[in-house]
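Participant: Chains as they are written, first to last, in the numbering used here: chain A, 1 to 894; chain B, 1 to 156.
If you are wondering where the hints come from, they were derived from the structure by calculation, not from laboratory data.
We treat Cβ as the ideally placed atom computed from N, Cα and C, and that holds for glycine.
Partial list, derived from the structure: chain A residues whose beta carbon lies under 7 Å from chain B:
#1 168
#2 169
#3 171
#4 173
#5 174
#6 175
#7 183
#8 184
Result set (SDA-like, lysine to any residue): computed pairs, CA atoms no more than 20 Å apart in a straight line:
#9 784(A) to 360(A)
#10 400(A) to 21(B)
#11 72(B) to 135(A)
#12 26(A) to 7(A)
#13 72(B) to 178(A)
#14 72(B) to 175(A)
Calculated from the model, a selection of chain B residues having no Cβ within reach of chain A, i.e. all distances over 10 Å:
#15 35
#16 38
#17 39
#18 88
#19 115
#20 127
#21 135
#22 139
#23 142
#24 150
#25 154
#26 156
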Amino acid sequence: MAKITIDGRQYDVDETDNVLKVALSKGFDLPYFCWHPELHSVGACRQCAVKQYKNGDDTQGQIAMACMTPASDGSLFSISDNEAAEMRAQVVEWLMINHPHDCAVCEEGGECHLQDMTLMTGHTRRRYIGPKRTHRNQNLGPFISHEMNRCIACYRCVRYYRDYADGNDLRALGSHMNVYFGRDTDGPFENEFSGNLVEVCPTGVFTDKTLGAHYIRKWDLQNAPSICTHCSLGCNTSPGSRRGELRRIQNRYHGEINHYFLCDRGRFGAGFTTRDDRPRQPLSRSANNVLEPVAKDDAIAAVRQAIASGRAIGIGSPRASIEDNYALRHLLGAEHFVNGLSAAESRASHAVRDLLADNANHIATLREVESCDAVFVIGEDVTQTAPRLALSLRQSAKTKHFELARAANIPKWHARAVHEAGQHHYNPIFEATPAATRLQDITAESTHGDAQTIAQLAFAVASRLDSQAPAPSNVDDELLKRAEIIAETLRNATKPLIVVGTGLGDSDVVTAAGNVMKALTTANDAAQIFPTLLEANSLGMSLFDAPSIDHALTQVESGDVDTLVVNQNDIFERAPTHRVDAVLKNLKNLVVLDHSLTETTARADHVLPAGSFAEADGTLINNEGRAQRFFQVFISEGPIQETWRWCADLARALGRPVRWNGMDDLITAIVDELPQFAGIQDAAPSQSFRKAGMRFPRGTHRQAARTALYAEIDVRERRPEVDADSALSFSMEGYHGSELPSELLAYAYAPGWESNQQAITRFQDEVGGHLKMGDPGVRIMTSKDNGGYTKLPQTNSDGGGWRVAPRYHIFDSESQSARAPAIAERVNGRQITVNRASADKLGVADGDSLSITIDGDALSLPVAIDDSLGDQVIGIPIGSQGVSGVHAASQVEA
Amino acid sequence: MSVLSDAEIEEIRHEMALYEDPQAATIEALNVVQNHRGWVSDESLEAAAEVVGVTPTQMEAVATFYNLIFRKPVGRNVIMICDSISCYLTGYESVRDHLKTSLGIDFGQTTSDNRFTLLPICCLGNCGNGPAMRVGNDYHGNLTPETIDTILADYV
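Use the sequences and the hints to build the structure in full.
Facilitator: Set out below in structure tokens:
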């Protein structure tokens, strides 16, 4: 702790911070550009000039850059000093020399840090009348628009993209007066986290192209606090809408999860909600066998009839909320409900649930991952299945830089010096995956093999850490040597981390990770576990304790069930196509509630248009067992409503009493009936919560033209909708004060600070720390020690056959984001992968077409040689351009 | 098949072997290509990047930072005239104007006979003999419009 004085007042601060960070945390409006809480200081832009005094007698003082000045005990500063203020105004004037002043047509307008700083410094009149330099822009693909003329050369983009995200295709090109931030040629950024450039850039050089396609100003967007639904990590997002249409996804700060950054799948994947082919009306199959729109009441009557006359089973979904799934389970009865996961994924997800319960006190948050000093990734290609984790693992590797800097007396915020001290030294990350991954540039050592090999390696690591742990037999020496190195490194680490996932669909991999954790935590209480699952609510579904989709299919096959009611799920993703085909043919009724036109939707007899995350409230349980609430962004035109409301309508039609009229009732019912969900009621304030009698606004305080928003339809202003399910309002009115609960913070705006990454400062306990009112969500996993080590599984030693490696792709393997046009544009031509020896055996060359049978389904795709794969292993692409529901134990014939 | 010759690739690999981090040879790789070809085309830049193990964007960032790496074709003789303060004070402007007029080209241009390319440079380390210029690998100081004509006559 240090005491420093700013403008005559004394503050207690952390002496390892710099003066800029401290001043911002204490609420000062001190302008800056090149500094960022995650990118730290380089002192390049000279914008944060302050006056520093030697002592109390020094009246002259000297100009210092706040971001490059340590907050040492007893130091004296002035921000309001005239000379410092004049310098700051001058700096903005220089930076603005070449800026085109095109705010009126710039997509950054209204959330532009450059606008903010220009105003904050008082540079409101332009003096420069000379020519400006201009640039040619690049086509950077479907995500990001490029307008280099607006650049003020603060270098933030390169510092984020190169130094933080480890991307190699964005650089500062040229020099002195002619610097250009771009790629060598046109084309999309290769890094999976490029979308953050949109928010990191302090002006409009990089803007969101998907927003640009149907642009609206920040102040006119209707936002809601939301949770990303495209993987299991539960990153917080702030979707913005206008006139009942989703326009963009922006980052919503969560101090323990995503903090300032999202992955590109999360940021650009919401386009599935605005597709033309999306069911927006109830549909029923007509006499001539086509789905035709029907009135809501008729649809409910028809589905009621289908349920009442048949023997129905409900199929839940890991991409839908606890509430939606519970409502379906409630409608059809617990014994007629399956969790909607494939059999293999269900087993693996249940194993993760048990792993979390065993290690309830050792579950890392995504933020904690960044400070772990040795990592063992077991089985999962996290860049493709839980992308935001890959960005955090990159930071954990670079934590070594801070350690080396500390040893050299370099302050942690001195970004260039820290980088130079660190160079190519990284904390060790060990990966055991079927093939090389996108993290290979920072991994200490990678082991590639099939699921069984990976599990054996992990079991061997556990046995090396603790001799009580069962050791695998028949393991080759090479693998044992690797296990020894990994065990040694984990043992010597201060804060070792185990990452494991369900992507291989193999529960042995997960239980092996459990043994490693048990062995590690015996000796080191700081050891952490961070499991990943495949979908936003996969863990939530495992908590229902329901059977997998396999059970529903078997029931139809045995004739015990003739009606399926499917909630937001595509059965074709969960089981082999030939089997699903046969099951659907034997059904009397297929009822689908969904927001996407999936293969299952297309085969339905009745379709009820269900709300996506944008048109519904709900709770999701993320990979760390954290329950988080997402809120409806807008009320859609027409009959789209939450699955749970459809289920309530159907239950009433069936003459059953339904206790729930809103989210509060529904959540109470869930917790009463299923105590494992206790805690989800605390994930967010209840719908009746008010502050000073007020709701919490979705609209910004300066939403324009509200009275004329629908003027071309009716000149009278529409009455604002009333939210029956949450404490949020569908208007600009409501509580804007400093005690706004974090869970209900729909967007970040603060006086003088309009850009998202900067405005959020005013809602944090300190810059880059936790949200002042607490980071959203509650952990609901209760600790349960299962006792000893898990025994080794029976290994199948059939040797000769082909084995499957499911291969994921960030933009293709998650079914909903893959439907977003911008995301789909980034996927071209997925392939079956094999190593050269396997290719020779199969008699194919790179690029040839290969036909195989997988779990009885034919698959024909081009072959790509990937020599990182093991012998006899076939990499199968998971997703829209490959297959789904394939796992490590799938049967493949080539 | 790389667009680079075997000799170029071999020289680049040699430079890479001299550094702990092979990527440190990025500058030298560009020099190798330029020595062989007079300038660095997009295609040869991409090929050199592949040899060094960096992306073309990384290679481009280095190439465009240094004004001695030419990303456009240049004439047989490259004239670099110093425009920094010492030369400026000792008559840079008249030397510059004379060069432009007598060659009939502006900065960044090449004479139609491909004999000369004219470029500005910020310092040649020849401040005691300003105004100064470099032609090819030769340094010339104390320039006047008259001496320039004599000097350039030697470059064909």
